[in-house]
Every structure is written in structure tokens, then in C-alpha cells.
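Engineer: Each chain, letter by letter, is given below.
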Amino acid sequence: MAAEVAPRVSLTGVRKSFGAVRVLDDVSLVVAPGEVVALVGENGAGKSTLIKVLTGFHRADTAVLEVDGRPASVASARDAEALGIRVVHQDRHLAGRLSVAEQLYLGRDEGGRGGLVHRRELVRRAERDLAASVGLHVRGDALVDDLTVAEQQLLQVARAVLTRPRVLVLDEPTASLAAAEAALLFDAVRRLAAEGVAVVYISHYLQEVGDLADRVLVLRNGRTAGEVSLRSAESDDDGGRVAGAERHALLDRVVELMVGHQVAGLGEREQRRPGGEPLLAVDGLTAPGAFTDLSLRVLPGEVVGVTGLIGSGVEALADAVTTGGTARGAGGRVGLGGRRVRSRRSFARAGGAHVPAQRRRDGIVVRATVRENIGLTATGQVSRWGLLLPRRERAVAERWVERTDVRPADPEALAGSLSGGNQQKVVLAKWLARGSRLFVLDQPTAGVDVASREQLYARIEEQVDDGAGVLLITTDLEELVGLADRVLVLHRGALVAELPRAELGVERLLAISSGQRAGRQGQEVPA
Amino acid sequence: MTLVTETPAPSSGPSAAPAQARPRRRGAPPWLVWVGYAALAAQLVAFSLLSPVFPTASNAVTVLTQGAVLAIAGFGMAVVLITGGDDVLRGGIDLSTGAVVGLSGVVAAVLTAAGTSAVVALPVALLVALVVGAVNAAAVVLGVRPLLATLASGAVASSVTLVLTQNVKVPVSGGVFGWLRDGSVVGLPASVVVLAVVFAVTATAVGATRWGVRAYAAGQNPVAAAVAGVPVQRYVATSYLVSALLAGLAGLLLTARLSAGVPGVGDQLLLDVILTASMSVVFSRRLVVTIPGTLVSALFVAALTNGFTLVNVGSQWVGAVKGVLILLVVAVAAVRERSVQR
Amino acid sequence: MTATTERPAGGAAPAGARPGAERHRKRLRPAQLLAPLSLAAIVVTFGVLSENFLTGSNLQVVLASSALLALAAVAMTVVVRAGGIDLSVGVAVDLGAYGAAALVAAGYVPWVAVVGGLLCALVVGAVNAVLVTVVGIRPFLATLAVWLIGSSAQQLLTGGGAPIYLSRGETPDGFRVLGGGQVLGLDVPVAAALVGALVVAAVLGGTVWGRVLTAAGDQPSATRIAGGAAGSTVASAYLLAALVAGLAGVLLASKSSGFVPFSGQLYVLDAIGAVFIGATLSRTGRTSVVGSLVGVLIFTLLSNGMNLVALSAFWQDLARGLVLLAVLVAAAVLARRAR
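Chains as they are written, first to last, in my numbering: chain A, -1 to 525; chain B, 1299 to 1640; chain C, 165 to 503.
Honestly, I wouldn't trust all of these hints.
[What the hints assert, rightly or not] Computed Cβ-Cβ distance ranges for the label pairs, DEER-style:
#1 C/204 with A/16: 42 to 52 Å
#2 C/349 with A/390: 56 to 66 Å
#3 C/219 with B/1477: 58 to 68 Å
[Stated by the list, open to error] Which residues of chain B face chain C? A few of them, derived with a C-beta cut under 8 Å, are:
#4 1437
#5 1449
#6 1450
#7 1457
#8 1572
#9 1615
#10 1622
[To be verified] Here are a few chain A residues that face chain B, going by a calculated C-beta distance under 8 Å:
#11 113
#12 204
#13 206
#14 479
#15 480
The set of hints was computed from the structure by calculation and includes no laboratory data.
From the three backbone atoms N, C-alpha and C, an ideal C-beta is built for every residue, glycine too.
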């Protein structure tokens, strides 16, 4: 890295404690103009806290901040904005009933002269700006609620980009994006970097990090675990970044730094030999606005993956299956273990487990304890004649907290106080405690740290080896390649391909789901 | 047996946008927006058929005059609902509105009766209202649920009204109160003119300014608004001040209309004010509280009371019919909202 | 901008590096002590101001006068726990009283009157349940509308609001004992309130129904996905609340020898206040029967004490309002500092 220019932003010597817990200990983040620095680390490593210090949400115990070589301080989000530091948060922070235009300029220049809003002009300006900044084409007067998740995420990025930031922080921006939408986002990021913006990119997806970052800063337990540069003096293509096997090796090094020891990735394994009557039989399932006439089977002992771009219908699949296609305007038939699914309740009763995508809203009850969350689902195990058996409930909770390695290992902890990965373990634990046999997993590891992921995968594989079935709905293609026995690809509301394990590959799946290449012609999807 | 079909392959690479120029609007179907207006029209037609007096100009003025107090207090409530959001327990609501209407009217009446000039009495009354608003604002910003904070401050305000009057009504006459009651500006009654001015100001502020856009954002998603740099707490605090100020103004109008500061009269108004502001959702395509919607709702409720009196239906029916009508209208909004949420 | 930061310690603390978590969690937050301390302060203050305050007979008076409010507050607790609010709880009390009084006046035997009163109250609960869970109206507006309709209904039922009086002679003893008798040394209403509170507390805390209710109150969609019957459970919460409120109404009819329209409305706001004062007892702000009873005691002791020191009614209202406001603000301030 050239040192002749002052770094665009330099935040050094950051220490921060919450009560007795030190969450950041002498961490530094320095980014040059035009540089893309990836910030990686497991959940709880301190990434979010570091960003919150940078953007004025938290006050560090000690920290030195310089922007373009000049000392600066941020005590509030406003200060950060004034310095040109912008964040795109992982959660979509949008007001649903505002128009797209209002939301795009909210808090900035919603109005014309004297604070009065000229609606029509605002709408036109918004449509222009969205198209130019992130390639998003939507109506400026549509409600934010009317956009898809991906469109909302891009809208949020556009908000940040439009303010001509000097420092742009992207916090897990692709968690809810499918590959093609993510590519749009990457283009926008590269363009900004080329204009001299310093970009901090937080992600769990190392592949993306490898594609985008010049340098990777790894945090572990609140400290700097190490830095890995992805630039090389020799390489000229791709802006002087390393590629190929060399990059692969560097990313492996990043993983090591993150977890502090070498981990085995999703290992190669044999094609499973599932057999018997189908556990899950979906016939002619239709979800309004998402997909039509979809049929699939999940046999005992197999993991069936489903993927597709956001907007292809995948995001509606879990709800449609677990409600048995009984929502308004929906249709079709879902059978589970020979019984027809007519409601979420009958789905659960027939042995179905639903691990939903919106974990905090749908997966756990945040104000309830881990024990209560488990007891709510595993009612048969913890009650008799409708009466709760406290000692039994406690024992069941303790057992499953231990087996899924929820941390802290305390059944009385509030579920909402756990980290994302641990919350997901609780979601899985409650269904395991209930003894479910068919798992519908919807984006199960979005926002989940690497170590927790490994644990979740291990529990799932145990269940499958034991004869359970899994419907794995995800846009994380590496996850599919690692776990699934066969993968169905949705495109524009229809099944377009089925790939057996031997033919799985990230690039191939990406190509098919983005509609670039069709599945093997004439290949049958078993009905 | 589903056979895999060849997908139409777009020629562009993976970085191409999903080719969808304009999103389909998933909002409420347009005809549903008219249900609220249809109910209003049906009501007007029914009363006109039943009573020849109802559709006259002078009766229209009566309805407007009666609706003015409700509407102005309703605008304040609407601002609180907009800025505070619509969560059942944590959302914005101002249960002290009724008490403040009563308190401000009584303070003005007591001062006037004691010989204070109106130039002093009216501002003092509004100031007293603002004090209640400031207590609400402080309590809510400190973290008390609005429902509870305003419930408690409202209880305090009504008991102050009783302490001030010893539960006896305080007559006022002449002066500003006389003008508000009987005066007119270019042929329009003074109270209607006041309503028009207040409506114009609040409707513009909420519907067409930066402040309004940010207030809506603060109410719908406070975190999002804060992230966008909107000082949410300041907006929330302001909303309670606005609500108290408008309630205070409504109280002055009410005292003028009744020619007396009447203790307890505001408490009866509270339900109507809440309903007026909440009902405004029905008149909005976005299903949000609006100021014009509040005006329409206030006139709806005022016309209802007026109409029942004219067709000689016992007062005990008014509450029941009001309740049922409101349920119908709100139910339509609820059903509509569900269809929006897919 | 502190208000916008979400629970910093939770997500950001290094996993596995919190040995103090167990202790930290069990530690009482200052805000949780607020309601008990207020109660103690009221007892001490009036104990000093009036020598009659801390006597056995006065205690009985306090309990007797808090019984009906306690039942109303217990009813409110159930609904708030289910994520709603019930402004029509006063209507349920009134209809319960009306049903019982009217049936006794018509010469029916006491148990028919009691059952009739409870059924009248259940109608209110059923309407609320349908409006909230089937039609999908927000609880605040739905129960507000029911309050309006219920008030009119009372006027219509009583011919414009005329009270029903039950003369001593024509009231069977079996009915009079409900409001004026004693069991095990306790007034019947007090005993009924205690039993009602115990049953509801047991049902909320010790059954699957209570667990589903609590979860559905917080996060309906998570509850449904977890396999719980969120809709029907919330609906039954409104029925249970109406039943408990109806019981208060029946007792009221017996106690006041008749039915005065709108007398139940007096309980609504105090019940809401008591429930939320009680919610400060929980670390997550969850409402509980015990907490609500503490809130009820705060209100009743305050009124009783002010009566004893002969404060005028207007000033009493003022004092109650100020105490409620003070407790709520203090709880909020303490909770905020603990964060």
C-alpha cells in the first residue's frame, strides 16, 4: 500500500467495554482513498461495535479518529454524516408506508425551498437517481412496502451512495440478495472505489470478500487477529488483485485467523442413499405472485436444496409449504408423512419443523427465555393435559441447549439477548426437542458466524443420517453444494432444473438460477 | 410429472438487472379507498331524506361549528399518531387531549371571569395546555409508554379543572368569546374560519413539508428514521406539544360555543377525538393517519350527532350507531390492510 | 442518539467470554423495586399521618374496597399479556352487574342470576375476540368501539339510564351474601378476588395455554410458526378477561343492591394503571397477576389514606394522577439508566 496519501479514514487504538465486558481492545481500522477493506470475524468478534464507534452510535473508551489526515470526532450519527461517513446496515431500516422517493431522501433533502415538498419532481428525481446509482428501476411513488426485499436493500444502498460519501460502510449488504442482485451491488461498490471512496465491507461470505476487497481485516474476540492483503505487485489484471489459487490460499488464511485454528470446510462426502416413502410430498403448489404449480418430494434421509434469485419465488416457498398452500389465493396440496398439511399447526403436528428466514421476528420470541422458547414448541415433551411440568421443561431445555451448544449455556437467558448464531441454534433446538422429522430450513445461516454454522450443519446432518428429511431453501450456493443431495432451481416462479449431487457447483447453480443457462434439457423433475 | 422447460435466456450477463421496469403496486385496490367516502355519502343522503332541515346551508354551518372543536383536537391527535406510530401499547396516543380541552377552556373562563383581559387570558390558557403537553413529551421521551403517560397526565389535568372550578361551570360572555361564537369573517362564522386556518396550516405541515415526511418516518420505523438522521425523540416530543396546543385551542372554541367553561366536558370529547384521528386511515390510500382524513372524519362524526338530533332519535342510540359505524369503517381498513400484507 | 442503539451488550459481547452473565442476569434491576417501594412509602406516610391507617379494621376496609378493582385488573392483565388492551372491561363489569341484577329483580334464584350475569359479560368478550382475532381490528380501537356500543346498550336496556334497585325484601339471601357475606373471615368479594387472581395466575404461568398466550402477545407470527394456536388463544384471552370482569360485576350488583349504569367504567383507567405499574416488577416488562395486585393496592391504599386524612375528592384525584405519573416516569428513568 502506498503511504504517500493520508488515509481517507484512520480509526486507531479503539477500546470499548460494556460494563465489565471488553468488546474491543486496541483495534484499528485504516482505509486509504479508493481502497476496499473487508472486515470479517465471527459474530461477537466486535465488527458491529467497531462500526458503531466509527458512526457515532457508541462512544469508545479510547479511540483516535482522523479523516483525510485531520483529527475528527464523532459523537452522533450526525457528526459521522458531516464527515462523509455512511453506513448501509444489514437490517433494512426503512419506513414501509413512505414512498420510495421520500425514503430515498429521508433526513437529507426531501424538500425543495423552505422545507416544502414538491412531490412530482421528487418522484422523478428519485427514479433517475436510483437507476443511475445502483441500477434499480422502480416507481418513485410506489410504497416502500411494495418493493421486494432485494429492491429495498438496493434502495438502502442508493441512499448512502447518493450522498457522495467519503467513507462507505456496508454491513452484510448481500445477506438477503441473490447472486445477480449482489452483482449489481458489487458494480456500484467498485465504481465508488474508483472515484476514491474508502469502502469498508463487512461480510460472512468469503467468496464475495475475495471478489471485492483489496485487504481483509480479521477481528477475533474484540482484537485484531490479523490482516491479509489481496493485492499483489505482480498481478496486473483485476486492478492488481491476486487471483486463482493464490487468492484461495489467502482466503483460507482469513478463515484460520477468524476461528483461531484450522477448520474443515463443508467436506466432500458420499451421495446419500435415501429411501422409502416420501416424507414431504408437494403437489401443484401455487403461491400468488411467487410461483405456480410446483411439485417436489423429500425422502427420508435426504437434503433437497431449493434455490433461485430473489424474485424467483424461493422466498415464498417455506411459507407456502408449511401452511399447506392454504393462504389466500394459494393452491395445491402438501402431504407430510402421509397426512395433509392444512395449517402451520397441522404441519408441526405431522412432524414438520420450520426454521424461518426472519429469525428475530418469526424464529424466536425475543422477550421469552430459551427454556420458554423450547417449551413453546416441544409442548408434548414438557406438559401433560395442558399443564406445564416445570422440572421436565427445565431438563428438556438444558439437554437441548447442551446438544446444540447454545451460548451462554443458560436456559434462563432471554432469547433476544443471544447472538444471531445462537438464536438460530435455539430455533433448531426447539424443533429437535419436539422430535420433528422434516425440516424446512429457510436461509438458515444468513448472518450466522462460521463456527455456529458448522455446528448447525453438523446437527442437521445427524438428523438426516438418522432418517429425517430436509428441505433447504437458500441463496447461499456454497451451502447448497456442501449440504444438498439434489438441488432444484426456481426461475420466475417455475422449477427449471434439478441437479444431482454429482453435478452441483456454485458457478453452475448461479448460471442456471440467473437464467443464463437452462438445466439439462429433458431432465425430469420427479413428481 | 413436470418436464423441465428451456428457459428464455436473456443475453446479458449475470450483472443485468432483473428486467422489471416498474414494480406492480401491491397496495390496496383503488375501489376500497372509496368505501370510507361512500359511508360518508350514504350518511348524508340518509339524513337528507329523513330530515328536510339537514341539507340546509344553516345546518351545514352548525355541523361545521360543532365539528370544529373535534377536528382541531383531532388534528393534534393525528400528529401524535403519525409521529408515534400505531403499535398497540408503545405507539403514539394522547389520552390527555380531552382533559386539556377542558382545562384550557376552564382556565380562560376563570381568568376572564376574574376580570383578566382576553389578551392575557387566552395565551395563558394555551400556555397551561402546553405545560401538559410538555409533561407528556418529557415522560414519553424518558421512556414511559404514551398510553400511560398521557393517561396519568390527563387524570391530573382533569382534576386540576375540578379543583379550579369546584365542579361548577364558569360563564363567559362577550369579548373574544362572543366573537368566536357569533362573529363572522366574510360571511363565514368565526369558528369555521379558525378551523379553516388551522386545517390549512397543519395539513400543509404534515402533508407537504420535510417535517411531515420525517414525522411519518419516525412513526413507522423509528430506527430507520434515526439511522437516516431524523432526531426521532425531538419529533415525538414536538408532536405532544402540537397536540396539547391544538387541544388548548379547541378548548377555547368549546368554551366560546357553550358560553361557559364547563368542567368535565372535555373528558366526554376524548373518545370522539381518538376515533376521528384513527378513522382518518380509512380515507388514505397508504392506510396512514392524515390531516384531511381527520377533517372528513370529524365532520362525519359531527354530522352523525347532528343528524340524529334532527330526526329525533334518542341520544342513547347515538353512541351505539357511532360505535357500529366506526367498527365498520375500521374493519374495512383492517381487511384492506391484510390484503396489502399479502 | 442513545435511544436508537439496540442492546449493545447482547450481540456484541464476545461469545463464551461472559462468566458474569449468570449473575448479571439474576440481579434485580432498580426499576423492579419501584412498585414495592412506592407501596411501602404510601403505607409509612399514611401510617404516620393517621393513627387509624395501620389498624386491622382499616386493613379490612382497604381489602374490601380493592376487591372489584383487583378483579378488573386481573382481567386487564390477561388481555395485555396477550398483546392487546381492553378498554371495554368496564362494559363487561356493567353487563355482568346488569344481568345479575335484572334476573334477581325478575325473581330468579341466585345461581341463575350469577350465571346470567357472567353470560352477559361473556358477550362482551366474544365480540372483542371476534373483532380482534377474526376481523383483525387493533385491540385499542376494537375495544374502544365496544365501550361506546356497550355504553349505549346500557342506556337502552335501562330505558335511558335508570338504575335498577333491589330492595332488601325481594333479594334472596343467597344473592346478598355475595357482596356482604364472609367466608373464612374474609369478605366474599375479597375471597372471590383472591381465588380469581390465583386461578388466573396459575393458568397464565403453569399451562401451555398461558405460554402460548404470552408468546402470541409478543410475537404472533413466531408463535404460529412454532406450532402454537395463536389466534384462538388470543381470542380466549378476551373471553377469560370478560368472565373475570363479569364476576366483578355480579359481586358489584350484590354489594350495591342493584345496577347503576356506567359504574363499571370507573375501573377501566385504574385497572390499566395498576397493570402497568405491576409490569415494572418484571425484568422484561411482562404483566403479571401479582404485579397488577401490587398496583391495585397502591391505588386503594392511597385513596384510603387520603380519605383518612380528609382530603377533598378533587385533590384526591390530583394526587392519584400525580402518583401514577411519578411511578411511571421513575420506572422509565431507572430502566433507562440500567441499560
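Engineer: Against this structure, judge whether each hint is valid.
Structural biologist: Here is what the structure says about each hint:
1. At roughly 33 Å, the beta carbons of residue 204 of chain C and residue 16 of chain A sit outside the given window of 42 to 52 Å.
2. Checking the proposed 56 to 66 Å range against residue 349 of chain C and residue 390 of chain A shows it is violated: the Cβ atoms sit about 38 Å from each other.
3. A C-beta distance of roughly 59 Å is found between residue 219 of chain C and residue 1477 of chain B, which places it inside the suggested range of 58 to 68 Å.
4. Checking residue 1437 of chain B against chain C by beta carbon gives a least distance of about 5 Å; that is within 8 Å, so the hint holds.
5. Hint status for residue 1449 of chain B: holds, given a least beta-carbon distance of 6 Å to chain C, under 8 Å.
6. A distance limit of 8 Å between C-beta atoms decides the matter here; for residue 1450 of chain B the minimum to chain C is near 4 Å, and the interface restraint holds.
7. Checking residue 1457 of chain B against chain C by beta carbon gives a least distance of about 4 Å; that is within 8 Å, so the hint holds.
8. For the restraint placing residue 1572 of chain B at the interface with chain C, the shortest Cβ-Cβ distance is roughly 7 Å, inside the 8 Å limit, so the hint holds.
9. Interface hint at residue 1615 of chain B: satisfied, since its Cβ lies 7 Å from the closest Cβ of chain C, which is below the 8 Å cut-off.
10. Hint on residue 1622 of chain B holds. Least Cβ distance to chain C is approximately 6 Å, under the 8 Å limit.
11. For residue 113 of chain A, the shortest C-beta to C-beta distance to chain B is roughly 4 Å, which falls under 8 Å, so the interface hint holds.
12. Interface hint status for residue 204 of chain A: violated, as the beta-carbon distance to the closest one in chain B is roughly 19 Å, over 8 Å.
13. Violation of the interface hint for residue 206 of chain A is found here, the shortest Cβ-Cβ separation to chain B being roughly 14 Å, above the 8 Å cut-off.
14. Because the closest C-beta pair between residue 479 of chain A and chain B is about 17 Å apart, greater than 8 Å, the hint is violated.
15. This hint is violated: residue 480 of chain A has a C-beta 22 Å from the nearest C-beta of chain B, more than the 8 Å allowed.
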